[in-house]
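Chemist: In order, the protein sequences belong to chains E and W. Its first residue numbered 329, the first sequence is counted upward by one per residue in our numbering. Its first residue numbered -14, the second sequence is counted upward by one per residue in our numbering.
Because the hints were derived from the structure by calculation, they are not lab data. Keep in mind that this is a model prediction, so the values were computed, not measured. Please note that a few of the clues may not be correct.
DSSO-like cross-link-like pairs, simulated, lysine-lysine; straight-line CA separation at most 27 Å [said to hold, decoys possible]:
#1 W:Lys18 <-> W:Lys165
#2 E:Lys629 <-> W:Lys45
#3 E:Lys640 <-> W:Lys165
#4 E:Lys630 <-> W:Lys268
If you want the ones that stay clear, here's a sample from chain W, every Cβ over 12 Å from chain E, calculated [what the hints assert, rightly or not]:
#5 Pro70
#6 Ala170
#7 Ser183
#8 Ser202
#9 Lys301
#10 Leu350
#11 Pro351
#12 Ser354
#13 Ser380
#14 Lys422
Glycine included, C-beta positions come from ideal geometry on N, C-alpha and C.
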Amino acid sequence: MNLRPEPLAYELSAPGRCGAALPEPDVPETALPEGLLRDDLPLPEIDELTAVRHFTRLSQKNYSIDTEFYPLGSCTMKYNPKANEAAASLPGWRTTHPLAGAEFSQGALELMYRLQAMLVEIGGFKAASLQPAAGAHGELAGVLMIRKWHRDRGDLKRVKMLIPDSAHGTNPATCSMVGFETVTIPSDADGGVDLAALAAALDDTVAGIMITNPSTLGLFERNIEKIAKLVHDAGGLVYGDGANLNAITGIFRPGDAGIDVMHFNLHKTFSTPHGGGGPGSGMVAAGERLADYLPGPIAVKKDGRFDMAMPKAGIGRLKAFHGNFGVLVRAYTYIRMLGAPGLRRLAETAVLNANYLKAKVEKVYPLKYGRGCMHEFVAMGNFVEGVHTLDIAKRLIDYGFHPPTIYFPLIVPEALMIEPTETETRETLDAFADALLKIAEEARTEPELLHSAPHVTPVGRLDEVAAARCPILCYRG
Amino acid sequence: MPFIPNTDSDRSRMLAVIGKPSVESLFGDIPEKLRYPELDLPPALSEMEILREIEALAAKNLSSSTCAWFLGAGAYNHFIPSLVPAIASRGEFLSAYTPYQPEVSQGTLQAIFEYQSMAGSLFGVEAMNASHYDGATALAEAVLMAARNAPGRETVVLPAALHPEYKEVIRTYLEPLDVKIREYAGTPAAAAASLDPSAACLVAAYPDFEGRVHDLSGVADAVHAAGALLVVHADPILLGLFKSPGELGADIVTAEGQALGNAMNYGGPFLGMMGAASKYVRKMPGRIAGQASDAEGRRGFVLTLSAREQHIRREKALSNICSNQGLVMLQACIYLATLGKNGLRKVAELCWHKAHYAAAEIAKLPGFSVTKDIFFKEFLVKTPVPAQSIYDKLSRRCVVPGLPLSRYWPDRTHELLVCVTEMNTKEQIDLLAASLKEASK
Ligand SMILES: Cc1ncc(COP(=O)(O)O)c(C=O)c1O
């Protein structure tokens, strides 16, 4: 990690410098439209090498999968194979245009068509749309589809969506975007959906349920079929949040259990890099009931040619053009390298790795729900008075590990959500478990070490409260 | 398997620690009759085999690196300095998550802050967010933001000449809400002068879909006098030369930022840019980085104002957005820093001169006419024969002449939207003119 302070690009600027050489015009010049021009363009002026060093040094201030173990729960921070990058950066993709027309885009359309089919098969669905750009965007697609399905039946009163209390924040936020009211369903003592509470909430104002399986507690929802049946019998539909698909590829297909529509996070399960925030892909797949309602366009095949078409009763477009195409190429490459046996091995290993880590630390880090986990588990960091999960997370940084997800899900106090993924070796898992156990000891013997952590980073803990009170959101010279 | 390292012997040792007899026994919670479906997928390929297959697919697409390329319409063929992808593809940037732990994410966070600063300079606003999915969703969210800002005002006013796919996206986003869309055909100034009290915002496209650059001076005052907000959706390359939306009084700005250092990539991943006048920052959706300091007074950066976001506010959040387009934003950040003040202006000037040369050459062709409106890099051409037939004929010969408007409006058969950037040489422009002439015979 690069510890030296790095100036802002603006602070490296000197008048007259430029990092890129551009040619002189090779055409006769045309007078510029005087009254419409800007006087000043206050951007930095830096040479190419200064730019290269600046951004390279910035990169060295990150923890990343390529440099550290990154067990960030719910985020599936698995290794992103370099073949994905090689495949996605081929000139035939990078230099082609979304409006070139079907005749001139057969390769891109064929790849999308094949990817749709593979994802439909993996999830147990009928059709898929690659439009959504991230998980939350897929949720928006799915909830709009459910809404339209009811309305097309003349059923206008279904305005509530049921959401388990362990759900990710994007689930309720999505409902608000489509004007739905959210009803929170509590979890039972076992970490599953409380079936009595679910039954009590179901009536003819309920549009459906959004369910994450495995849940954000890292637990498989054992009653998934029962839940789907209860909701269907009450006239509702079932949305699946597929963020945790990494636990079940090749082992269980959500569509087989009655999920009507689900988003897949291709940037989690299918190893496309997260890029420090995105881009992702939250493509959606749907079963019998909702297949015609997908957002479009989707790739289709007619007389041996590939094209794009809008689904019959679809909700329309969710973004310009054809989804985050470059992400799709990566996911396609990855699935083709694994095949069906590889996908099963992937999920088995992800679950094995999580259970192994859990077994190594659970005597010290208590669990709220103790049963066998899937690809991740949620421990608690409040076992020593005065030491918090935040302190443990920051101390892990000193040991060279990215912290787990913390304080989520909300129903576990002082949550530490740990997802190792299948791409880590047993040795790495051992080293991480050792660090967690060592930190637990330090919490008792030298708590100050935890409170003052991290010690190996370019900055210490930053004052986020002050930053939000008087926000500085850009360089002010 | 190269990226699933634990071997069968590792598995046995790990199962012993867990106290389970087999890997299968870890899946006992899954209904038995649904366990282990037979997946009908193509057989696994080695890296060498899959790359060969994908190269063959990639080669089947029309490429701007081998053709004379004049097609834009929302995805643009601009120059990308080599250092942009070289640095953005470093694993430390590429394989990091959203910067939730600021001490180990200062690289990403400072890059977001620098992007916000440079994009803010370009647009003339103080507050930019860290990205939306693309220009269309950024504009849709901007319209939602304006509607939230003025409860009771139930219309949003869009240019008829907005990208048709953006209009579709806005319709999708607004459909469930009590917000109506109205379109205006003339100039933003005329539309602003006739806003009624139901309008929450007026959107101006800068330039519009047909390439026209409208004079926006005075528009903001008229929009504000009607009690509405002005949203300006701009081409960021155009802003290298033209007045910024902020300077013109825009309240909210959006853009498709692909042109800033990102490839066309068959339409994605792209970069949704959004910013606002600072008084609206707490009403703006999306992640935002801010400056902070640690206990020793060292400068650092954090994600801030998160009380607007889904992970804190759940159903009360301003948007559901979580993952955004971080890496695409990073490329835009490196691009803006590299080109800087002088380079971006030069790119914009090259687009201007080359586009105007091309328009003049095409205007000389018999049967062709070119718009008289002010344009920047894209302009409308009336063609003597159907534009789609010209497109098909020329594209097969690797001269991609522009977008036939009949793609979106079936009755606009004789109109072609031509885009010229710094990437087009005079030779290519002359070839375009000669090819258009020949194809229209
Ligand atoms: C359970 C769950 N649902 C939904 C999402 C949202 O996905 P995205 O960030 O791709 O929008 C996430 C991602 O953090 C998640 O963990």
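Chemist: For E:Lys629 and W:Lys45, compute the direct alpha-carbon distance and say whether it is at most 27 Å.
Modeler: Holds - the C-alpha atoms of W:Lys45 and E:Lys629 are around 16 Å apart, at most 27 Å.
Chemist: Report holds if the minimum CB distance from W:Lys301 to chain E is greater than 12 Å, and violated otherwise.
Modeler: The assertion about W:Lys301 is violated, with a minimum of 7 Å to chain E.
Chemist: If I take the minimum Cβ distance from W:Pro351 to any residue of chain E, is it greater than 12 Å?
Modeler: Fine: 22 Å to the nearest Cβ keeps W:Pro351 off the interface.
Chemist: Taking the closest pair, is the beta carbon of W:Lys422 still more than 12 Å from chain E?
Modeler: holds, 18 Å
Chemist: Take a quick look at whether W:Lys18 and W:Lys165 sit within 27 Å of each other, Cα to Cα.
Modeler: violated, 49 Å
Chemist: Check the non-interface label on W:Ala170: least C-beta distance to chain E beyond 12 Å or not.
Modeler: Check passes; 22 Å lies beyond 12 Å.
Chemist: Within 27 Å, alpha carbon to alpha carbon, are E:Lys640 and W:Lys165?
Modeler: holds, 24 Å
Chemist: When you look at the beta carbon of W:Pro70, is every beta carbon of chain E farther off than 12 Å?
Modeler: violated, 7 Å
Chemist: Does W:Leu350 sit more than 12 Å from chain E, CB to CB?
Modeler: Non-interface label on W:Leu350 holds, nearest chain E Cβ at 17 Å vs cutoff 12 Å.
Chemist: Over 12 Å to the closest beta carbon of chain E is the bar; see if W:Ser380 clears it.
Modeler: violated, 6 Å
Chemist: The output says W:Ser354 does not contact chain E. Does that hold with a beta carbon cutoff of 12 Å?
Modeler: holds, 18 Å
Chemist: Beyond 12 Å from chain E, beta-carbon-wise, is W:Ser202?
Modeler: violated, 8 Å
The structure fails to meet hints 1, 4, 5, 8, 9, 13 from the earlier list, while all remaining hints are met.
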